[in-house]
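**Q** What follows is the residue order along each chain.
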Amino acid sequence: MRAGFYLALRLNLRQYGALLLVSVLVPFFAALFYLAGWTAAGGRSDLDKFLYQLVGMVLLIMAQTASSNVLWHIGALTSGGQLEYLAASPSSPLAVLLAFYLLDLAVAGLGAAAIAAAIIAALRGALFALATLLATAIASATSLPIVGLALALAYFLPSLRNPSPLSMILNVAVVFFGGVLYPVGILPASLQALSRLLPFATWAEFARSVGLGLQAPLRELGPLAGYLAYFALGVAVWGVLMRSLRRSGLYHVW
Amino acid sequence: MSFVVGSGLRKRFVTRERLGLFKSRAKIVDALNGVDISIDRGRLLSLVGPNGAGKTTLVRIFATLLLPDEGKAYVGGLDVVGDADRVRRLVGLMLYPDKGFFGRLSGLENLIYYGMLYGLGRREAHRRAEELLKSVDLWEARHSPFEEYSMGMKARLGLAKALINNPEFLLLDEPTVGIDPVGARKVRELIRGLKREGITILFTSHNLYEVEELSDEVALIVGGRIVARGPPDALKQKLGFEPVAVVRAVCSGEERTLSKNGDGRALAALVREAVEAGCEVLEAYVREPPLEEAVVKTLGGS
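Chains as they are written, first to last, in the numbering used here: chain G, 1 to 254; chain R, 1 to 302.
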């Protein structure tokens, strides 16, 4: 795992400018969504809606790191020949990948959360800012089911040779059924049922309750633990993928 | 028992060949058809053969990257399938000169990462990486991003990466492909140095001059089978290529070239014959057929 942390740290140090830019975009996009809502509501929209979008954007970045980034990293390792060397080493490719993800999440999530917390501190006070940071930490700790979905979809990478269609599926699921930008309660009942099958909405609502409501909805802990089955599924599928690569030799796709 | 052993190795790849939008058929490639191979400790065995002959498949099986369908392979007495984790610690691998590294990271950072993959602590990996960068002559470029390296530099970094875990068995799959002559010579010098250190090496290359220069033994692999094997000179003889004694002489005012199969003894006899016939010998030498000629003619090329 240490190798994965080292790799992620070194690569992130090379692109801190881009990461900073993404963090700065959090309040920008939150303000845009708020303005859209304000316009649609004929000029009636309270500050809480802006804060809702702000925390939602932080969660969106974290969800993208857990889903899209993981897939793109696997894609990059595959096309660059690194996965083959990783598989030929005594280290576990999954452990290296998870270490990479954790550091990626810490860097991307922390940047976005720090900016959001600073704005919340100015608008709502220090307590809410601290709660936002705590919510981000909780969201990080409970993001494994999303990683699991990405790992499961990675099974199709050797055939598709491009992570883009797979990450697109996850991004659409996060944005439309994920409850990060709007509550899933406004969706039709059938889509709400679909949303409950996926791990995003409960994850987002739990973090948002901690950050903006200063309360942890303990009743959601059960479903959150249940969604860990997605992580178990992802790990199992990853194992199947690595075994199939050992049979086919198709580690690299370039 | 040899340090590296493969017996009865078979590997079949099945892919789908697309014939239309909804039509496809299975395409079967028998990459290895019962390969027996062994390498004694400290020896360098080269695998030569046409593209698709099974060289890389064999390398990947010994690197634990590929499972054989049949047969057994051992490195240092360890089964590459059953003891894969322990085999990985013994093996150093270089699959291609320009892949496997992170372009934005420096040569030093890339090597530290690979050192840590083999269980070295960060400091130990750093020390080992610096040591290797000096030995492959990349010290000056150690902080430059990998993406700025020339092909020859990338190949030398690949070799350094393969050595990061102090391997006992080194797998080098076409390490000089695509490299300019000067860079290739540097890589060959490094490989020669590793041989002197007693590392067991399995080497593949299409450059048969370097194969002849470096190898203790050469195995000719065709269609997934090893069809001939031995030290380069013995292999040439096995393939029907012997040294030729050649004498260039002027006989009765006319320049002639006399030749006879054989080495020094044949040459002496040829010179004696020429002198006895009243010819003036201009030049006499034994022509060793290069391995390339022997292999190319054996494979049916011109």
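One should not assume that every hint holds.
Unchecked claim - Simulated restraints, written as ranges between beta carbons of each label pair:
id, chain 1, residue 1, chain 2, residue 2, range
1, R, E131, G, A229, 39 to 49 Å
2, G, V172, R, D30, 35 to 45 Å
3, G, R219, R, D85, 40 to 50 Å
4, R, S24, G, A95, 34 to 44 Å
5, R, E197, G, A118, 20 to 30 Å
Stated by the list, open to error - Calculated lysine to any residue pairs in the SDA-like style (CA-CA distance at most 20 Å, straight line):
id, chain 1, residue 1, chain 2, residue 2
6, R, K27, G, S244
7, R, K72, G, R247
8, R, K27, G, R246
9, R, K99, G, F176
10, R, K260, R, V271
11, R, K260, R, R248
12, R, K297, R, E242
13, R, K27, G, S248
Rather than coming from a laboratory, the hints here were simulated on the basis of the structure. Quick caveat: nothing in here was measured; it's all calculated off a predicted structure. Cβ atoms here follow ideal geometry from the backbone N, Cα and C, with glycine treated the same way.
**Q** Run every hint past the structure and note whether it holds.
**A** A quick look at each hint next to the structure:
1. Look at E131(R) against A229(G): about 47 Å separates their beta carbons, and that is inside 39 to 49 Å.
2. Checking the proposed 35 to 45 Å range against V172(G) and D30(R) shows it holds: the Cβ atoms sit about 43 Å from each other.
3. Distance hint check: the CB atoms of R219(G) and D85(R) are about 44 Å apart, consistent with the given range 40 to 50 Å.
4. In this structure the supplied range 34 to 44 Å holds for S24(R) paired with A95(G), their Cβ-Cβ distance being about 37 Å.
5. E197(R) and A118(G) have their C-beta atoms about 58 Å apart, which leaves the hinted 20 to 30 Å range violated.
6. Straight-line distance between C-alpha atoms of K27(R) and S244(G) comes to about 18 Å, which keeps the hinted pair within the 20 Å bound.
7. In summary, the hint linking K72(R) to R247(G) is supported, as the alpha carbons are separated by about 15 Å, within the 20 Å threshold.
8. For the hint pairing K27(R) with R246(G), the CA-to-CA distance comes to about 19 Å; that is within 20 Å, so the pair holds.
9. Between K99(R) and F176(G) the alpha-carbon distance is near 39 Å, which puts this suggested pair outside the 20 Å criterion.
10. Simply put, K260(R) and V271(R) have alpha-carbon atoms about 11 Å apart, close enough for the 20 Å limit, and the pair holds.
11. Between K260(R) and R248(R), the direct Cα distance comes to roughly 12 Å. Compliance with the 20 Å bound is thereby established for this hinted pair.
12. A C-alpha spacing of about 13 Å is found between K297(R) and E242(R), which places the hinted pair at or below 20 Å, so the restraint holds.
13. For the hint pairing K27(R) with S248(G), the CA-to-CA distance comes to about 13 Å; that is within 20 Å, so the pair holds.
When held up to the earlier numbered hints, the structure conflicts with 5, 9 and fits the remainder.
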